[in-house]
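Trainee: Residues per chain are reported as follows:
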Amino acid sequence: MNNLYFRNIIRFILLILLQVLVFDNVQIRGYINPYIYVLFILLIPFETPPWLLLISAFLLGFGVDLFSDTMGMHTAASVFMAFCRPGILRMVFSSKDYEIGISPGINDLGIEWFLKYALILVFLHHLVFFYLEVFSFYEFFYTFARVILSTLSTVLFIIIGQYLFYRKK
Amino acid sequence: MRQLFAFLIKNYFFFLFVLLEMMAFIMIANNSYYQGARMLNTANQLTGNVYQSYNDVFDYLYLKQNNRILAGENASLRAMIEKSYVKFTTKEIVIHDTLYKQQYNYIDAKVISNSTGKRNNYLMLNKGYNQGVRNNMAVVSSNGIVGIINGVSGNFSSVMSLLHAEAKISAKLKKTNAAGSVTWEGGSYKRGSLTDIPSHIRFRTGDTVITSGFSLDFPEGIMIGTIAEYNLTPGDNFYKIKINFSCDFNKLDYVYVVKNMFKDEQLKLKEFQHE
Chain A
787 MNNLYFRNII RFILLILLQV LVFDNVQIRG YINPYIYVLF ILLIPFETPP
837 WLLLISAFLL GFGVDLFSDT MGMHTAASVF MAFCRPGILR MVFSSKDYEI
887 GISPGINDLG IEWFLKYALI LVFLHHLVFF YLEVFSFYEF FYTFARVILS
937 TLSTVLFIII GQYLFYRKK
Chain B
10 MRQLFAFLIK NYFFFLFVLL EMMAFIMIAN NSYYQGARML NTANQLTGNV
60 YQSYNDVFDY LYLKQNNRIL AGENASLRAM IEKSYVKFTT KEIVIHDTLY
110 KQQYNYIDAK VISNSTGKRN NYLMLNKGYN QGVRNNMAVV SSNGIVGIIN
160 GVSGNFSSVM SLLHAEAKIS AKLKKTNAAG SVTWEGGSYK RGSLTDIPSH
210 IRFRTGDTVI TSGFSLDFPE GIMIGTIAEY NLTPGDNFYK IKINFSCDFN
260 KLDYVYVVKN MFKDEQLKLK EFQHE
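If you read the sequences in order, they're chains A and B.
Under my numbering, think of the first position of the first sequence as 787, with each following residue one higher.
Under my numbering, think of the first position of the second sequence as 10, with each following residue one higher.
Calculated directly from the structure, the hints in this document are not laboratory data.
The beta carbon of each residue, even a glycine, is placed where N, CA and C say it ideally should be.
Some clues are possibly wrong.
To be verified - Have a look at the derived ranges for each label pair, beta carbon to beta carbon:
id, chain 1, residue 1, chain 2, residue 2, range
1, B, N76, A, L950, 33 to 39 Å
2, A, L803, B, E274, 42 to 48 Å
3, B, Q12, A, P836, 19 to 25 Å
The shape of chain B in the complex, shown without the other chains:
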């Protein structure tokens, strides 16, 4: 026994190293995306506040650009309201009743930290549980989709960016409705790939890729990007397609968190399917 202690003390440097590495690996294991980000959440409050004050300073530098983006968005929203359409028929009767229910609600948030150069990228937003943000909600910007909420603390939330090895977004081609999925394979943050498009589908470079609406979190028809290049290996059943993301991940500033009001209902139905 004494020899054992003597051995431990003599080599304590090595054993301390092993112990600390084990602690680090336990941290990694506990915080992988699938198991939810628990540690992250307690830390979010602290680091969130640091990033927030850093952001307050740099906000002013981008005011002009942000104003332009917001103005552009306002214009496109204005084009959608009823008043901008001319009525060609007078026979229609508008019924204000319960025929329409709002399915998606949008919470606006500001990006207070962001990365694009790592293999797995995350963002942090300045809205959290108290403002109605929950895990797995979709995050979109005015230019296209951004990612999925993967951790929420009181007033901040962490977003798994689309630029992440585990991010996979259900997508479709706008013209033909052919469904596939969008992933990011590293490298430039401007390029992603679209897989699972069968070889009989016809499309051209420049065609628009949008969200499919099959996932419970993303509304249908949100822009993801445009097709940049594609090829089909002879004998292969699926295209290899590269897309240009419509959203510039490096310049994200204001984003929207999407809340699906029918998600619980849809989830229940899904459970039913699996039984």
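Okay, chain A solo, but in the shape it has when bound:
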């Protein structure tokens, strides 16, 4: 159990640093900004109590906010994403797959499940974030294009990362 906490805390710090030092520099013509730090929320174990899920999402967003001068925006988007997670899990999760001790990653549940799960949650996160950043519906379609393209790129990076860092058991 301690090991599990430890791994999540390390992942928390690594993802924030990776986001602000590497992925904040990935910007393609103003349309694509991958926010891969949300992987942390995707990978939180199923057994995590709901309050801890929300609080850790809050801290995660806050951490990224500190670095990118977007005070509150990443926080709001991350908390929203964490709030949606249990509902989305029920939606994409067929109960027969569930076993004690598995984690929500490609390893245990397969690429197809993970893709559905990640796409929906990352989309919700990006939707909140990009509209908060612009704070108006004035450039509605431009912003929406950014949401869609960034969601796709984020999920792409997340899946590549999953294959790179998690070995098959």
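Chain B: place on chain A using the hints.
Mentor: Chain B in isolation, oriented as in the chain A frame:
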């Protein structure tokens, strides 16, 4: 009462969510540009140090390019000093007295974090309050203007880039002195727009756009960009002009913070105008 508590506990997930979101929105509200970046400043010290050490590593990779830019700037500055002019008349008398007062002072700074792909972009510089940087000072690079200081901590400062929804720079055409304002409408970080140029003004693509000097922070005549394309809707009084920024926001490294020494005096006078 007990039922209320039972209700709260049963739905605590939702209420905790609402509470946390409220905290996030309070943070957003307190940190919008107009109200000054207070939280930002305390955080600047911490994040500034992380960015600084990251930058120390990557500095070496760009040494060659930076040397070239600095050498180019040196050359242009050298061309401006007195010695490079030939005197055609001997009747002039140079008076070294108080006729000239320096209005603008420049503090050099290094960009330690930068973004160009968001709708609202910020930079962070490695100079802060202790080095004389204050809020609302202008930031320019050797190629053109960069932005305005919007938050200062002890040794770092945050710059609202020209690539920001709220950035609006008073500008003019170099040839005709027609005044307008430069904004950024998102998309490519190389393109901005120039508005408020009346339809009777004549200009061509490639014409230079410079700062107007009407604002208290930007000195007059600093390069902003060149006109890329323009059109005039029939019946409209103003041109729609796209400009190419002269400054490559993606490659910013060394910049100057501009200090207007007469700003307080000018501000006092402005207050007078409003009364």
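Trainee: Indicate, hint by hint, whether the structure satisfies it.
Mentor: Tested hints:
At about 37 Å, the beta-carbon gap between N76(B) and L950(A) stays in the expected band of 33 to 39 Å. Between L803(A) and E274(B) the CB atoms are about 46 Å apart, so this pair conforms to the stated range of 42 to 48 Å. Under the hint 19 to 25 Å, the C-beta atoms of Q12(B) and P836(A), about 22 Å apart, fit the expected range.
Of the hints listed earlier, there is not a single one the structure fails to meet.
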